[in-house]
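Participant: Sequence:
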Amino acid sequence: MTTLKNSVQLIGRLGSDPELRTFESGKKMTSFSLATNETYYNANGDKVTDTQWHNIVAWEKKAELVTDYLKKGSEVAVQGKLVNRKYEKDGMTKYITEINLNEMLMLDKKEE
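Read in order, the letters of the sequence shown correspond to residues 1 to 112 in the working numbering.
Treat each hint with caution, since some may be false.
DSSO-like cross-link-like pairs, simulated, lysine-lysine; straight-line CA separation at most 30 Å [said to hold, decoys possible]:
no.	residue 1	residue 2
1	K71	K28
2	K109	K62
3	K72	K86
Think of the hints as simulated: they come from the structure by calculation, not from any bench. Small disclaimer: the values here were computed from a predicted structure and weren't measured.
Full structure from sequences and hints, please.
Facilitator: Structure representation (structure tokens):
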């Protein structure tokens, strides 16, 4: 049951191309946004699509794989853990929730 603690699984499409960064220490990080959609019918019978956006972060080898194989619009299943952090920007404290990528499965059909 310990593997279920702080575990997130999502299937969605990338909202932008992954962005690879290399830090002074040599550590690599890639970040991208992932859109998940839920479709339902409201009280009037109208079809409604609700889109949620998620910030995904991958490190080291996974960062390189994401950058090499995924692009805007790619469909992917991700599994990871939620991480909350804060940072300073323009004198203000900003808070962000991200998903640190543990595993991913590319769902796009192979191009022939």
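Participant: Take the hints in turn and mark each one as holding or not.
Facilitator: Okay, the hints, checked on the actual structure:
Between K71 and K28 the alpha-carbon distance is near 18 Å, which keeps this suggested pair within the 30 Å criterion. For the given pair, K109 sits about 21 Å from K62 by alpha-carbon distance, which is consistent with the 30 Å threshold. Proximity of K72 to K86 is assessed by CA-CA distance (about 27 Å); at most 30 Å being required, the pair is judged to hold.
Figure legend: structure checked against the earlier numbered hints; every hint is met.
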